[in-house]
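K.L.:
If you want the building blocks of each chain, they are given just below.
Protein chains: 2
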Amino acid sequence: MSQRISDEAVAGEPRSEHSSRRYGNVLPHNHKVEAPPKKTLFEDIKQSVKEVFFSDNPAKEFKDKTIGRKFVLGLESVFPILNWAKGYNFKSFRGDFISGLTIASLCIPQDIAYAKLANLDPQYGLYTSFVAPLVYAFMGSSRDIAIGPVAVVSLLLGTMLSNEIADIHSHDYLRLAFTATFFAGITQIGLGVLRLGFLIDFLSHAAIVGFMAGAAVTIALQQLKGLLGIVNFTKKTDIVSVMRSVWGTVHHGWNWETIVIGVSFLTYLLVTKYIAKKRKKLFWVAAIAPMISVILSTLFVYITRADKKGVAIVKHIKKGVNPASASEIFFSGKYLGAGARIGLIAGLIALTEAVAIGRTFAAMKDYPLDGNKEMVALGTMNIVGSLTSCYVATGSFSRTAVNYMAGCKTAVSNIVMSIVVLLTLLVITPLFKYTPNAVLAAIIITAVIGLIDIEAVILLWKIDKFDFVACLGAFFGVIFKSVEIGLLIAVIISFAKILLQVTRPRTIVLGKLQGTSVYRNIHQYPKASQIPGMLIIRVDSAIYFSNSNYIKERILRWVTDEDVQRTGSEMPRIQYLIIEMSPVTDIDTSGIHALVELFKSLQKRDIQLLLANPGPIVMEKLSASNLTHLIGEHKIFLSVADAVATFGA
Amino acid sequence: MSQRISDEAVAGEPRSEHSSRRYGNVLPHNHKVEAPPKKTLFEDIKQSVKEVFFSDNPAKEFKDKTIGRKFVLGLESVFPILNWAKGYNFKSFRGDFISGLTIASLCIPQDIAYAKLANLDPQYGLYTSFVAPLVYAFMGSSRDIAIGPVAVVSLLLGTMLSNEIADIHSHDYLRLAFTATFFAGITQIGLGVLRLGFLIDFLSHAAIVGFMAGAAVTIALQQLKGLLGIVNFTKKTDIVSVMRSVWGTVHHGWNWETIVIGVSFLTYLLVTKYIAKKRKKLFWVAAIAPMISVILSTLFVYITRADKKGVAIVKHIKKGVNPASASEIFFSGKYLGAGARIGLIAGLIALTEAVAIGRTFAAMKDYPLDGNKEMVALGTMNIVGSLTSCYVATGSFSRTAVNYMAGCKTAVSNIVMSIVVLLTLLVITPLFKYTPNAVLAAIIITAVIGLIDIEAVILLWKIDKFDFVACLGAFFGVIFKSVEIGLLIAVIISFAKILLQVTRPRTIVLGKLQGTSVYRNIHQYPKASQIPGMLIIRVDSAIYFSNSNYIKERILRWVTDEDVQRTGSEMPRIQYLIIEMSPVTDIDTSGIHALVELFKSLQKRDIQLLLANPGPIVMEKLSASNLTHLIGEHKIFLSVADAVATFGA
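So the sequence lines, in the order shown, correspond to chains B and A. The letter at position 632 of the first sequence is residue 635 when you use my numbering, and the numbering goes up by one with no holes. The letter at position 314 of the second sequence is residue 317 when you use my numbering, and the numbering goes up by one with no holes.
Here chain B stands alone, though its shape is the one from the complex (with noise of 0.2 Å):
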């Protein structure tokens, strides 16, 4: 076996070296390099503008249809419940009932504390989770995602809108909240029609990361206010301003009752999650824990009337369904651009919470999600929850672990989840009159904790530095600066790493495996080992003007500095450049341009200059530039080893 490789690799004997000079490549049936058949050019603009925004080709199968059944199949890609409802049996709603009443007694707390974040009064949370979910049943393709406000949104939209207007019980306050909450939408559906998904795509994992896990420390700090009782507290969100007004309170200020209330059950919260987290059986535990936790406080502030002793309570919630809000947008005037920009921001990051979800449970079920359809049905859901008094809701990473751990099967488990919610507006609202603020916090605290997740950055550390980095960076600004500048850090960041990547690809040495006819990295392969008298690099990305010049640059310091090596080290001078250009996708006329300054520079010092392996479209561009004659046909051939065996000494 050995044997009969190392022959292949030593091939280039006088008589394959003849045929070969005239095939310009030694292999049999002389494979020769083939240019594709030329395309035209609106062939290529539709590829390549498939490719950007059609991938995952979706008009596949509207293919060869009659029109009725195209209208259908229309009907069923708006609205994918028309589809899996044809299925839906007992058994997936036995599944989707228990987990939609465990997200409801979940959210339903969650969404009075959240409202809060956003400075809105505590029905408008449970409103939001009333429409929201049942829009989105309609039109969503996830099956897990729970749909509801969340806090990183809530919080980012409360130091938004109170920026804008200060005097966050103002009624105009609310319009805005509405407004933002409408752009959200328009975005969200937007960036879905106009099929630009993949823009969400630029903020990197990392980035999010670090921001989240600030958000989760900027709103567990807030916390402390209803935790400790405090009555004037400052309206900023950096960690500092938050510490001064949490200390400078200590001695007058903190009510002991609220804390004694508030921290007993943060840490029943608390102990419930840890559970939770070692018997994933027992989630349940934790999930109801909010509920429990309400409902006692609630109960023993009513009987002890502990709001008398300055326990803050929620005081009042409105009764009843959505009211509409149509009328209370701004759709002119001062704060139209306001609202608009505010929508921009809370729609992009509400998208990349529910799209990161929703990707991470459809690859654990393995269902395919198209993202831009996902965006119009979360951007549709929250228009119309603009119109219906809620505001920006998304995917909430905690209750959707929920709704799955408890055997969700669809979305139906977002319809159960709504009407629960609905008929708390209807009946039991008034009983959280006496529910003390400090709970609300806890369970706050208890819900973003889980947004910090350490292991995620060790891993961050472990693998990818740079990506660490951003983690860190996108952390600090949140907590030191504010939510706004930490998502500009994040992005910021996220596209320095970009622009690395497109400026400063990798040119690597390769080297012969013994034995083989497989040429691999010298550095990664020690044992590989080099041709006399020829030098041989791998260019690992496409020629653009972006490093066209740096690539060209590169490989000539690869030569020079072998030259020095090799004069060093009896070998013979190096005559021929054998660039391996397999990864190179494509080039442009800058990579063009560099690949003939390339060719004279070597013609200079006399090397020879040959290609290995390009692609079609890199041939197709040779070939129409001239290139190919410049260089000489048979400098171009299949593989490395044809060219080693044609040219090697």
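It should be emphasised that the hints constitute simulated quantities derived from the structure, not laboratory data. There could be a bad hint or two in this list.
Identical chains blur together in the list; that is why a pair holds if it fits in one copy or across any two.
Straight line, CA to CA, 27 Å or less: simulated DSSO-like cross-link-like pairs of lysine-lysine [to be verified]: (1) 53 x 68; (2) 238 x 436; (3) 66 x 89; (4) 607 x 376; (5) 89 x 68.
Add chain A to chain B, keeping to what the hints say.
P.N.:
Just chain A, lined up with the frame of chain B:
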């Protein structure tokens, strides 16, 4: 031969199969996929920083030298002249002297003309051609570039400055020009010192071609004012308003004497240019033509006193050498910001032009050119210039070409030129009093025509349609709106291309070339045949957050589509997915997550995932993230051939 190779290809009969199962590959001396020696964080960061900012390893020659030597080397690296002056001899001087005189005769008329483009008095053009080349000669490393004012930058300055200060004759206008020049220098030095030179590569060749052509057309149109002797002419630069003010004045306001002079000399200049183009040897005919035209036309006007008949003339050029202008620069006040902004843009454009020229000619003579060092030189040049009444200078395409053809050897030709300019300033400037603007216009037109590179545009069309569009975008942006807009469009399009590159990498299906162990793109090589029960996909890019999700979904789609096809043609269904990872230079945490999700989805369809030839960094990260265990180390192979031989039916 064929025999031998195909044997290797079918390796994987029981015997080797057995061994392979054990060793994870079937190669003799069983080469394993090797992870490189682990690097410490410091090494890691150090290396990447080095590759990004010091990829040319500037410290190399400083290594293990004495302090004294290091100092000398340092000086030499800042002032390359100290280095090459040693070897300078009479022979090279002859070449430099002749070429110096030639470009001087070319630059003097151009300077006077270009100064008008920047709305400055003619002498400032000459000032710039005196100081700037001197400074460059000492610090620059290009041997061919001819330094001085250039048409495009002059126009750019003219427009941007007059946008700030409408009254172009006010003293503040002049001061702002110096301020902009100063900051242009700062920008250029900054980029050089911070080693951010690569940033200018983000302006793609295509965009530059379009921008230059657009600027040329704009400039040429502007010259109709001088050529037709139109008195009140629009300040705008877009083709529409220019054409309007040309035809608006057709009946009154065109001056026939001017037209006669202008058109006749324009014809003369174009003819000489044509001759020079046909006969490279006669380049000097075109080179001295402008000077001749100036002399003749000046005499003509002086004798006929045509200026009395409304032929516009230069009127007055201040005699004497550059006055100091340090005190003129706005280091504070309302114009500081504007000056900095304009300087930044003008500086970048100037830089792009100079570096492009430098590279082209460096490649033709194959001498190294340190981009960052060039920037420092150009920057210093412009800063010194701004202190001595010069405006932004850079390398001129036309004059550099002449310089090269006249046989220049070193930057001494620039020194010669600047001395000639000095003499002109001291002695003969008054003689230019009667030079008709029409001739200057003719000179400008002839000069800028050279900036319209039809061949390049055709090549763009042939090679890369996207580049072609970018080119057109920049071109029309300039002629229909303004230079800045054109520039903006150029940059945006360039970036769009980069985003595409990083979001939509190529994934291709590989097939086996009959009778070999070579695997190639089945779309490029229709002869290549797929392996029953296996799908082989190559990913041609680093897997980063910006594309990880796309890659994952694209691969899954390949699998689905292939499965559909194969069930059609009684081929066994896919059991193994081989990912050829050679081109995957790097993978970040998002990428790892994508791989994990891919792995899970494949498990669900019970397809096994095999990896072929992951690179060093990827290997490192795969093991750091424990993915090697998840996938199974025996499923990671040195090459596709191995994987096929091992698991292939």
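K.L.:
Compare the structure with each hint and give your call.
P.N.:
Hints versus structure:
{"no.": "1", "hint": "53 x 68", "verdict": "within (21 Å within a copy, 58 Å between copies)"}
{"no.": "2", "hint": "238 x 436", "verdict": "within (25 Å within a copy, 71 Å between copies)"}
{"no.": "3", "hint": "66 x 89", "verdict": "within (22 Å within a copy, 75 Å between copies)"}
{"no.": "4", "hint": "607 x 376", "verdict": "between (57 Å within a copy, 24 Å between copies)"}
{"no.": "5", "hint": "89 x 68", "verdict": "within (20 Å within a copy, 81 Å between copies)"}
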